[in-house]
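Participant: Model the full structure from these sequences, guided by the hints.
These are the residues of each chain, in order.
Number of protein chains: 10
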Amino acid sequence: MPDYHDLRYLGQTDSPLPESPEQTELEAVPDPHADIDYLVRFTVPEFTSLCPVTGQPDFAHLVVDYVPDGLIVESKSLKLFLGAFRNHGAFHEDCTLLIAKRIQAAIQPKWLRIGGYWYPRGGIPIDVFYQTGEPPAGVWIPDQGVPPYRGRG
Amino acid sequence: MPDYHDLRYLGQTDSPLPESPEQTELEAVPDPHADIDYLVRFTVPEFTSLCPVTGQPDFAHLVVDYVPDGLIVESKSLKLFLGAFRNHGAFHEDCTLLIAKRIQAAIQPKWLRIGGYWYPRGGIPIDVFYQTGEPPAGVWIPDQGVPPYRGRG
Amino acid sequence: MPDYHDLRYLGQTDSPLPESPEQTELEAVPDPHADIDYLVRFTVPEFTSLCPVTGQPDFAHLVVDYVPDGLIVESKSLKLFLGAFRNHGAFHEDCTLLIAKRIQAAIQPKWLRIGGYWYPRGGIPIDVFYQTGEPPAGVWIPDQGVPPYRGRG
Amino acid sequence: MPDYHDLRYLGQTDSPLPESPEQTELEAVPDPHADIDYLVRFTVPEFTSLCPVTGQPDFAHLVVDYVPDGLIVESKSLKLFLGAFRNHGAFHEDCTLLIAKRIQAAIQPKWLRIGGYWYPRGGIPIDVFYQTGEPPAGVWIPDQGVPPYRGRG
Amino acid sequence: MPDYHDLRYLGQTDSPLPESPEQTELEAVPDPHADIDYLVRFTVPEFTSLCPVTGQPDFAHLVVDYVPDGLIVESKSLKLFLGAFRNHGAFHEDCTLLIAKRIQAAIQPKWLRIGGYWYPRGGIPIDVFYQTGEPPAGVWIPDQGVPPYRGRG
Amino acid sequence: MPDYHDLRYLGQTDSPLPESPEQTELEAVPDPHADIDYLVRFTVPEFTSLCPVTGQPDFAHLVVDYVPDGLIVESKSLKLFLGAFRNHGAFHEDCTLLIAKRIQAAIQPKWLRIGGYWYPRGGIPIDVFYQTGEPPAGVWIPDQGVPPYRGRG
Amino acid sequence: MPDYHDLRYLGQTDSPLPESPEQTELEAVPDPHADIDYLVRFTVPEFTSLCPVTGQPDFAHLVVDYVPDGLIVESKSLKLFLGAFRNHGAFHEDCTLLIAKRIQAAIQPKWLRIGGYWYPRGGIPIDVFYQTGEPPAGVWIPDQGVPPYRGRG
Amino acid sequence: MPDYHDLRYLGQTDSPLPESPEQTELEAVPDPHADIDYLVRFTVPEFTSLCPVTGQPDFAHLVVDYVPDGLIVESKSLKLFLGAFRNHGAFHEDCTLLIAKRIQAAIQPKWLRIGGYWYPRGGIPIDVFYQTGEPPAGVWIPDQGVPPYRGRG
Amino acid sequence: MPDYHDLRYLGQTDSPLPESPEQTELEAVPDPHADIDYLVRFTVPEFTSLCPVTGQPDFAHLVVDYVPDGLIVESKSLKLFLGAFRNHGAFHEDCTLLIAKRIQAAIQPKWLRIGGYWYPRGGIPIDVFYQTGEPPAGVWIPDQGVPPYRGRG
Amino acid sequence: MPDYHDLRYLGQTDSPLPESPEQTELEAVPDPHADIDYLVRFTVPEFTSLCPVTGQPDFAHLVVDYVPDGLIVESKSLKLFLGAFRNHGAFHEDCTLLIAKRIQAAIQPKWLRIGGYWYPRGGIPIDVFYQTGEPPAGVWIPDQGVPPYRGRG
Ligand SMILES: [Ca+2]
Ligand SMILES: [Ca+2]
Ligand SMILES: [Ca+2]
Ligand SMILES: [Ca+2]
Ligand SMILES: [Ca+2]
Ligand SMILES: [Ca+2]
Ligand SMILES: [Ca+2]
Ligand SMILES: [Ca+2]
Ligand SMILES: [Ca+2]
Ligand SMILES: [Ca+2]
Ligand SMILES: [Ca+2]
Ligand SMILES: [Ca+2]
Ligand SMILES: [Ca+2]
Ligand SMILES: [Ca+2]
Ligand SMILES: [Ca+2]
Ligand SMILES: [Ca+2]
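Residue numbers (our numbering), protein chains in the order written: chain A, 20 to 172; chain B, 20 to 172; chain C, 20 to 172; chain D, 20 to 172; chain E, 20 to 172; chain F, 20 to 172; chain G, 20 to 172; chain H, 20 to 172; chain I, 20 to 172; chain J, 20 to 172.
Check each hint, because a few of them may be wrong.
Stated by the list, open to error - Below 27 Å or equal to it, Euclidean Cα-Cα: the simulated BS3-like pairs (lysine-lysine) are:
(1) C:120 with B:129
(2) B:95 with B:120
(3) F:95 with J:95
(4) G:129 with E:129
(5) E:120 with A:129
(6) G:129 with G:95
(7) B:129 with B:95
(8) A:129 with J:129
(9) C:95 with H:95
(10) D:120 with I:120
(11) F:129 with I:120
(12) H:129 with J:129
(13) E:120 with A:120
(14) E:95 with D:95
(15) B:129 with D:129
(16) F:129 with I:95
(17) J:95 with A:129
(18) I:129 with D:129
(19) H:129 with G:120
(20) G:95 with B:95
(21) J:129 with H:120
(22) C:95 with C:129
(23) G:129 with H:129
(24) D:120 with D:95
(25) F:95 with C:129
(26) J:129 with J:95
(27) C:129 with B:129
(28) I:129 with I:95
(29) A:129 with A:95
(30) D:120 with B:120
(31) A:95 with I:95
(32) F:129 with C:95
To be clear, the hints were calculated from the coordinates, so they are not data collected in a lab.
Facilitator: In structure tokens:
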């Protein structure tokens with residue numbers, strides 16, 4: 020079993036919410052099944068950031084998929100990293116793609132994608148979909164299955 | 020069978036969209052089953068008006084229920100009346116309740132209610148629910164069953 | 020067990036579709052459980068009639084509930100009766116309430132209601148809800164649970 | 020039409036997010052239909068606060084229903100008031116009921132209720148339901164219709 | 020960060036609804052992540068135009084997907100552009116494809132598609148699906164997931 | 020704890036399917052919480068019988084609710100009793116009400132109801148709803164929540 | 020804009036329902052966007068025909084997809100053509116494929132498919148799926164998304 | 020039109036349920052559209068068999084898809100064949116694959132598949148999916164779309 | 020604010036799973052809004068116990084509603100208490116009602132109810148519904164809204 | 020028919036829950052249809068394990084798909100094997116992949132995949148998706164269709 024003793028957040032009493040995404044370390048731990056290729060999915064229905072122009076809060080439902088390459092994301096550090104956008108101002112595309120790039124930098128996965136499903140503003144929600152390229156052959160990549168926005172009725 | 024010959028819109032070649040709700044006659048026709056009490060429901064997923072302050076379009080899903088008292092609403096005049104809000108400015112509450120009052124004035128039903136389910140603005144949709152009082156005893160009044168707004172995810 | 024030998028349609032080789040509702044006999048058979056009060060529900064997703072003005076076809080989803088009073092509706096005669104509206108012209112309210120009255124006449128139930136859920140015309144569907152009065156006390160009357168019309172999206 | 024000129028937030032260029040709920044004025048405007056009784060529903064899928072013990076973010080879906088008594092809530096001030104919980108620490112019950120009490124103080128409605136549907140913590144979501152008493156007779160109060168939490172699968 | 024100072028609509032006090040699609044400038048802004056390929060989705064449940072023959076209103080739910088090539092659509096100009104169809108007469112196919120072509124002209128994306136899901140007329144809704152060709156390899160293009168029209172029942 | 024040693028089926032190796040409902044003993048066991056009143060619900064999506072006239076199989080989804088009065092139904096005997104309708108011929112109403120009466124006879128509950136939701140024949144499904152009278156005051160009786168039949172689309 | 024003056028049905032006062040599919044002209048009009056390839060979908064939840072053996076009515080939900088090749092289907096003639104099956108006897112497979120062939124003959128599309136989702140008979144619904152071959156490369160062909168038949172429960 | 024006169028079951032007064040699958044003739048009739056390739060789908064929500072070890076009833080929802088090669092399945096014989104499993108003992112895999120093989124033998128289709136969705140036993144449902152090989156190129160093969168089992172909640 | 024310093028579990032590093040329900044203290048804390056009456060709902064989709072006869076695991080989805088009377092349940096102690104059924108053997112009715120009685124003993128609420136929705140065994144799920152009597156007047160008690168079990172298809 | 024006489028669990032009176040996954044034999048039986056390739060799916064909504072660090076229970080919904088190669092999994096041994104995780108501590112990824120590897124070792128299938136859909140912790144559920152490589156050509160592999168986690172609302 021990998022050694023989890025030196026982690027910054029996991030197993031500590033509850034850590035304070037970081038000030039900003041930049042100040043949060045996204046930790047990696049050894050992949051316990053590095054001999055095979057598989058997909059890990061994080062679903063994040065509790066994401067919020069600020070509009071960089073007006074300072075008003077924005078909300079999103081995010082889904083992150085990745086195929087590890089020897090490292091996996093430590094989930095408590097992920098939670099804190101995502102929570103750190105709470106008082107951070109950035110456009111929908113920026114937030115979504117920034118998260119993708121930070122995870123990519125932290126664990127250098129074989130493949131990664133992110134779906135950012137943002138709550139409507141002005142009646143029109145924006146979704147942002149990104150992947151690092153074609154999925155690796157032979158790995159199972161299920162649809163994210165998030166239903167489209169319908170308005171009312 | 021009631022006489023439908025003198026109607027202003029029904030059976031005419033397609034009528035132009037009226038300029039405003041005030042300029043639209045909401046017609047009544049004799050209830051073909053005036054001997055019994057029953058509920059008529061109109062569902063209107065195609066409603067739009069303008070914000071009276073900013074002039075931006077608003078959208079709503081409306082459901083109108085009423086128990087006739089000798090008269091029923093002629094549905095083509097209803098369609099034109101509702102279409103006439105297209106370039107009319109009024110707040111959500113005003114539009115919803117104004118429609119209720121106009122139908123009430125036109126057919127004097129035993130009972131009427133309206134549910135106005137408005138598309139979100141600023142992340143928060145407003146619904147407006149009005150009825151003219153307790154439903155008449157012994158008449159079947161099913162739930163309108165419109166699902167609540169969920170945001171994303 | 021009641022005697023079903025003299026029925027006009029049931030157990031016969033397939034009967035032709037009747038010309039009109041008037042020419043169809045809606046048969047009653049003895050209630051096998053006349054000692055207790057219960058509700059029978061027919062769900063009719065295959066109903067169609069004609070518009071009396073334009074001759075165009077109309078479609079509806081109907082649900083009929085009744086509490087028998089010694090007689091129940093023979094279901095094959097019901098199917099033929101409802102099929103007989105196929106070339107019959109009548110407004111939505113008329114069709115719905117006519118069906119209620121014919122069943123009422125045929126079996127004189129303790130209580131009856133009908134929900135007529137019509138397909139949209141001009142973007143606005145009409146629903147018609149009728150019951151013969153307050154449901155009899157102590158009888159279980161579940162909601163019909165038909166979802167409201169939503170438009171698209 | 021009521022006078023909306025002296026409002027603190029509405030019609031202003033985008034207002035900064037308030038520091039705390041206490042520092043936010045929840046404004047009231049005259050009810051444009053004070054002659055009748057009706058229900059106004061706000062649905063708030065974008066609510067977030069902090070845990071008062073750990074400082075971790077909490078999320079909720081809120082639905083507020085009220086029957087005005089001469090005043091209605093100005094919706095932009097409501098949005099800012101709710102946004103002000105972003106950096107405010109309070110338990111689920113406290114947040115939910117505090118919102119109810121602030122709206123009640125601001126507009127003194129005939130009746131008010133709030134449903135607070137909180138995201139799960141420890142696998143168990145908490146919902147909080149409050150109303151100021153029996154709904155006023157004859158006013159239509161539809162179900163809030165929020166689906167229950169299901170876990171996975 | 021790109022410079023957003025010279026935009027025609029964004030950051031201005033609320034702009035009046037344009038007279039027609041032709042009179043609306045669909046603005047482009049620099050893509051903040053031009054180094055990678057990703058998909059942007061706009062969902063537009065609030066679209067309405069007029070029938071060019073009868074002048075009656077039409078309604079649609081639209082979904083636009085595109086892969087930027089150095090420019091992205093400024094969303095406030097998009098909202099105004101789409102709002103400008105409000106008093107514009109065109110058939111379903113025309114509206115849907117015109118929107119695709121205008122966005123294509125404004126930002127010259129690597130790839131674009133549009134789904135136009137129109138509310139039923141005469142009982143039969145029309146959907147229009149267009150894309151500029153095969154999606155670029157390696158870019159993630161999720162299904163639009165709009166449920167089909169069901170009629171009633 | 021009640022004594023379950025003398026039961027005919029429970030705890031035995033798998034019992035053969037009974038020949039007919041008449042030959043199946045529906046067993047009662049002492050209610051472990053006879054001091055309070057509560058509702059027990061059995062949901063039976065696996066019910067089948069034969070048409071008494073044609074011998075063709077019929078299928079139903081059944082839901083049974085009851086409030087015990089000192090005895091509860093032993094569930095394995097219930098399963099066998101319901102399985103015994105497999106080669107038994109009876110109309111929809113008969114099967115549904117016969118089950119109600121047998122359970123009533125076996126445990127003499129304070130209150131009982133049954134909903135029989137039958138698969139469509141001739142395009143029209145029949146539902147049968149029965150209860151023994153008004154539910155006892157103060158006992159919680161949730162809706163059965165079975166969705167209505169919709170046909171296709 | 021194409022010339023729509025010589026059409027047989029469109030723009031005329033409401034046309035009588037044709038006697039049979041053979042007697043209905045399925046009209047074609049010039050494709051307003053012949054320069055690009057796109058998909059047009061008609062959803063037809065209001066289809067009915069007769070069983071050729073028993074004369075009993077059959078019902079279906081139909082979805083037609085096609086990629087025009089210079090011509091599109093005039094929708095009012097389509098509605099009348101489909102309505103003309105009302106008194107026409109043919110098996111499920113025949114009706115479904117006959118419609119495909121008639122549309123194909125009328126507009127010679129680049130590609131066409133039809134899904135026929137028939138209401139159950141004898142507990143077993145039949146679906147019929149046909150396309151004229153592999154879809155043309157680079158054209159967007161969304162799933163029809165019609166949910167499967169579930170029976171009850 | 021093909022000749023249906025010599026069929027064993029179709030058009031006969033209601034046939035008795037066969038004793039076993041082996042004793043049921045699965046009849047083939049000429050394909051009325053042998054000139055083209057299309058898919059026929061049977062949905063069977065009313066399937067039941069017996070456990071070969073315990074004799075307890077099993078239930079399944081089956082979906083059969085095939086592309087005819089000059090012959091199609093006569094649906095009444097299919098219904099009787101499937102009904103004949105009622106008193107037949109076989110494991111889930113056996114029943115499902117046996118049905119596939121019998122249909123294959125009867126009509127020698129170009130391609131066939133079956134999905135067997137069995138009701139849970141011991142909390143774990145088994146699904147069985149079989150096809151005769153890659154679907155023939157250019158034929159439309161929609162997803163079966165049966166939702167997965169969810170347990171409760 | 021109430022004093023939470025003396026709690027046995029809350030705020031402690033993660034507590035071990037208790038051996039049995041009897042060994043778990045269900046803690047009460049002062050109600051922060053004792054001046055008003057409201058409903059608290061716990062939803063527990065993660066409940067499991069053992070069959071007292073066979074030792075096999077059972078699973079349930081539980082929903083608990085209560086109206087506090089000066090005390091509320093401390094949620095971490097509730098989580099541990101419910102987790103303590105993991106290796107505890109009891110029938111469905113026993114588990115469900117035992118939980119109700121323990122919560123009742125711990126906080127003496129004005130009113131309490133529990134819905135126990137158990138996973139199917141032998142094809143037939145059992146639900147258990149209990150409340151302490153009629154809900155207190157004027158308190159809002161929403162439906163639990165748990166969908167019924169459907170089997171497959 | 021294969022010989023099932025020497026199985027360790029099947030056909031025995033109810034076996035005790037094993038102490039750990041290691042102590043459970045996952046049995047294989049001969050594939051009754053070894054001549055063809057098909058997919059077997061187990062759906063497991065009743066899975067629970069322990070967190071290896073805190074000892075707190077975790078819950079998951081699992082779906083296992085495999086294509087047999089002469090052997091199939093004996094389902095009672097599978098149920099016991101999965102039940103043996105009840106008091107076993109391992110991370111989400113470990114549990115999910117361990118199950119895959121044990122089944123793989125026991126039956127050496129042509130192909131296998133597993134979807135592990137875990138209940139949320141800290142607001143973020145983790146899903147784990149693994150397959151042994153590209154599915155074998157020509158075998159039908161339907162989507163698992165598990166809906167994504169949505170939070171509340
Ligand atoms: Ca690896
Ligand atoms: Ca009347
Ligand atoms: Ca009676
Ligand atoms: Ca809509
Ligand atoms: Ca008032
Ligand atoms: Ca589940
Ligand atoms: Ca780019
Ligand atoms: Ca339908
Ligand atoms: Ca009792
Ligand atoms: Ca073209
Ligand atoms: Ca062929
Ligand atoms: Ca669940
Ligand atoms: Ca209190
Ligand atoms: Ca079912
Ligand atoms: Ca094989
Ligand atoms: Ca949500």
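Participant: Each hint: holds or not?
Facilitator: Results of checking the hints against the structure:
1. Taking the CA atoms of residue 120 of chain C and residue 129 of chain B, the gap is about 22 Å. The hint holds against a cut of 27 Å.
2. Distance check on the hinted pair: residue 95 of chain B and residue 120 of chain B sit about 18 Å apart at the alpha-carbon level, within 27 Å; holds.
3. Proposed proximity of residue 95 of chain F and residue 95 of chain J is supported: the alpha carbons are some 20 Å apart, at most 27 Å.
4. Annotation: proposed proximity of residue 129 of chain G to residue 129 of chain E holds, straight-line Cα distance about 25 Å (limit 27 Å).
5. At roughly 37 Å between alpha-carbon atoms, residue 120 of chain E and residue 129 of chain A are farther apart than 27 Å, so this suggested pair is violated.
6. Our distance criterion of 27 Å between C-alpha atoms is met by residue 129 of chain G and residue 95 of chain G, whose separation comes to about 22 Å.
7. With a C-alpha separation of about 22 Å, the suggested pair residue 129 of chain B and residue 95 of chain B falls inside the 27 Å cut-off, and the hint holds.
8. Taking the CA atoms of residue 129 of chain A and residue 129 of chain J, the gap is near 25 Å; set against the 27 Å cutoff, the hint holds.
9. With a CA separation close to 20 Å, the supplied pair residue 95 of chain C and residue 95 of chain H stays within the 27 Å bound.
10. Pair hint residue 120 of chain D plus residue 120 of chain I does not hold up; C-alpha atoms about 32 Å apart against a cutoff of 27 Å.
11. With a C-alpha separation of about 22 Å, the suggested pairing of residue 129 of chain F with residue 120 of chain I holds against the 27 Å cut-off.
12. With a C-alpha separation of about 25 Å, the suggested pair residue 129 of chain H and residue 129 of chain J falls inside the 27 Å cut-off, and the hint holds.
13. Taking the CA atoms of residue 120 of chain E and residue 120 of chain A, the gap is near 32 Å; set against the 27 Å cutoff, the hint is violated.
14. The suggested pairing of residue 95 of chain E with residue 95 of chain D holds, with an alpha-carbon distance near 20 Å, which does not exceed 27 Å.
15. For the hint pairing residue 129 of chain B with residue 129 of chain D, the CA-to-CA distance comes to about 25 Å; that is within 27 Å, so the pair holds.
16. Under the criterion of a C-alpha separation no larger than 27 Å, the hint pairing residue 129 of chain F with residue 95 of chain I is inconsistent with the structure, at around 38 Å.
17. For the hint pairing residue 95 of chain J with residue 129 of chain A, the CA-to-CA distance comes to about 38 Å; that exceeds 27 Å, so the pair is violated.
18. A threshold of 27 Å between alpha carbons decides the hint, and for residue 129 of chain I with residue 129 of chain D the separation of about 25 Å falls inside it, so the pair holds.
19. Restraint check: the Cα-Cα separation between residue 129 of chain H and residue 120 of chain G comes to about 22 Å, which is no more than 27 Å; the hinted pair holds.
20. Proposed proximity of residue 95 of chain G and residue 95 of chain B is supported: the alpha carbons are some 20 Å apart, at most 27 Å.
21. Taking the CA atoms of residue 129 of chain J and residue 120 of chain H, the gap is about 22 Å. The hint holds against a cut of 27 Å.
22. Note on residue 95 of chain C and residue 129 of chain C: the hinted pairing holds, with a Cα-Cα distance of about 22 Å set against a maximum of 27 Å.
23. For the proposed pair residue 129 of chain G and residue 129 of chain H, the alpha carbon gap of about 25 Å is at most 27 Å, so the pair holds.
24. Between residue 120 of chain D and residue 95 of chain D the CA atoms are separated by roughly 18 Å; this keeps the pair inside 27 Å, and the hint holds.
25. Simply put, residue 95 of chain F and residue 129 of chain C have alpha-carbon atoms about 38 Å apart, too far for the 27 Å limit, and the pair is violated.
26. Taken as a hint, the residue 129 of chain J and residue 95 of chain J pair is honoured in the structure, with Cα atoms around 22 Å apart against an allowance of 27 Å.
27. With a C-alpha separation of about 25 Å, the suggested pair residue 129 of chain C and residue 129 of chain B falls inside the 27 Å cut-off, and the hint holds.
28. With a C-alpha separation of about 22 Å, the suggested pairing of residue 129 of chain I with residue 95 of chain I holds against the 27 Å cut-off.
29. Restraint check for residue 129 of chain A and residue 95 of chain A: the C-alpha separation of about 22 Å stays at or below 27 Å, so the hint holds.
30. Proposed proximity of residue 120 of chain D and residue 120 of chain B is contradicted: the alpha carbons are some 32 Å apart, above 27 Å.
31. For the suggested pair residue 95 of chain A and residue 95 of chain I, the alpha carbons sit about 20 Å apart, so the restraint of at most 27 Å is met.
32. Annotation: proposed proximity of residue 129 of chain F to residue 95 of chain C is violated, straight-line Cα distance about 37 Å (limit 27 Å).
Hint check: violations occur at hints 5, 10, 13, 16, 17, 25, 30 and 32; the rest are consistent with the structure.
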